[in-house]
Structures are given as C-alpha cells and as structure tokens.
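Asker: Produce the complete structure using the sequences and hints provided.
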Amino acid sequence: HPHHPAAPAILLLRSSCQLNSERLINQQQKQTMLRTTSSTMAKIAQRSTTLTKALTTTTTRSMTILSSESKEDFKKQNYSSRMAASHRPVSPHVTIYSFPVCALSSITTRVTGCLLSFGSAGLGLVEIFGGNGAALDVMSSIGSAEVGGGVLVAGAKFSVAFPFIYHYLGGCRHLVWDNSPEMLTNLGVEKASYVLVGASLLLSSAAVFV
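Whatever position you read off the sequence shown (first residue = 1), add 5 for the working numbering.
Worth flagging that the hints you see were computed from the coordinates, not collected in a lab. It cannot be assumed that every hint is accurate.
[Claimed, not checked] What follows is a set of in silico ranges between Cβ atoms, one per label pair, in the way DEER data are often shown:
id, residue 1, residue 2, range
1, Asn-83, Ala-212, 45 to 53 Å
2, Gly-118, Ala-90, 39 to 47 Å
3, Ser-85, Thr-57, 36 to 44 Å
4, Ala-204, Gly-160, 41 to 49 Å
5, Pro-105, Asp-183, 19 to 27 Å
6, Phe-104, Tyr-84, 38 to 46 Å
7, Tyr-173, Thr-100, 29 to 37 Å
8, Ser-53, Ser-86, 45 to 53 Å
[To be verified] In the DSBU-like style, the derived pairs of lysine-lysine whose C-alpha atoms are separated by at most 30 Å in a straight line are:
id, residue 1, residue 2
9, Lys-58, Lys-35
10, Lys-58, Lys-48
11, Lys-48, Lys-35
Just so it is clear, CB atoms sit at the ideal spot from N, CA and C, and this is done for glycine as well.
Answerer: Rendered as structure tokens:
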C-alpha cells in the first residue's frame, strides 16, 4: 500500500534491483561482443596466415645458377640458333603467312616509292659528278638503243614506267578511300587491288612502245 511505512524502502529496493539487473545484462552483452570480436579476429588472422603461406609457396622457386662455362656457351647462342636446336619456329614466322592481295598491293606501293626515290637520287648523282646534261645523255643513250639493243630499251622504259604509274595510281586509290571511307569494305579493297595491278601493268606495257 502506498501509505505503508515501508513503501519507500520497497520502491528504492525495487529500483536498485532493476538497475543492478540492467548493469548485469549490459556486462553480459559486452562480454559476448568481446568474445565474438576476438573469435572473428582470430579467424581473420588464421586466414591471413594461410593465404601468406600459399602465396609464398606458389611464388618461390629455386634459382638456377649457371657455371662460367655454361654462361659463355649461352652468350654464343642467339635466339634463332636456340630455337633451331629445339626445333621450334622463330616468331613471327613470315614464311607461313599467306598475304592477301590488298596487303601485297600496299607493300608494292611502298616499294615503288622507294625505287622512285633511289632512281631520282641516282640521276641526280650522275648530273652532279658527270656535269651539266650528263643524266640526259645517259637516258638518251639507253633510249636510242645504242647500248644493249631493243631489249634493254624496253626493260628500261618498263622499269621506269611501272613504279611511277603504280605509285601514282596507288596514291589516287588512297585519296579516294580517304574521301569515301564507305568504300573500304573487304570486297571493295580486294577489287581495287586487282584493278590497280592490272591497270599499272597495262599502262606500263603501253609505255614501252612510246
């Protein structure tokens, strides 16, 4: 009863018991969390140790120590000779590739450009060391069949006409492709390559009779 003389003491005792119970529960919860955290940390440490051992095992290998004699022998052998001794082909192994016609026509464009450059440089050197008109005299002598006859004249005309015509038409082809990229299809490039080779051979052969 609230008016009972012992009521305040009972309420105080009840509050004290509740407070002690809450403290005990909190302590138990903290201990449980600590045990869980310790267990988790122990598992993480164990897994880290296992992973470290695995990495060390897989990445560590024994080192091969070469003697002075084997070191000198290894220096004397280049890559090609070592591959030949092991019967392995050298990469890239160009002889096994089958170049498409577009690749061959592109390579020929570059080769004809180099030939034109060397030919022009050769005529320039003849003119420099032979004096004024020396290059013209050489070409006139070849063209008049004075040296080597008609076969040499025909070969000389073709050897000059083909690089010039092929390189010029090849440049025109690339100019068209640059301005019309929709023409760059597999079939279109292949057809253009055949047309380039055929037209260059035809025009160069016609230039022989000029």
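Asker: All the hints need checking, so say for each whether the structure fits it.
Answerer: Okay, the hints, checked on the actual structure:
| no. | hint | verdict |
| --- | --- | --- |
| 1 | Asn-83 - Ala-212: 45 to 53 Å | holds, 47 Å |
| 2 | Gly-118 - Ala-90: 39 to 47 Å | holds, 40 Å |
| 3 | Ser-85 - Thr-57: 36 to 44 Å | holds, 43 Å |
| 4 | Ala-204 - Gly-160: 41 to 49 Å | violated, 21 Å |
| 5 | Pro-105 - Asp-183: 19 to 27 Å | holds, 21 Å |
| 6 | Phe-104 - Tyr-84: 38 to 46 Å | violated, 24 Å |
| 7 | Tyr-173 - Thr-100: 29 to 37 Å | holds, 32 Å |
| 8 | Ser-53 - Ser-86: 45 to 53 Å | holds, 48 Å |
| 9 | Lys-58 - Lys-35 | violated, 34 Å |
| 10 | Lys-58 - Lys-48 | holds, 15 Å |
| 11 | Lys-48 - Lys-35 | holds, 20 Å |
Going down the numbered hints, you'll see the structure goes against 4, 6, 9, while the others check out.
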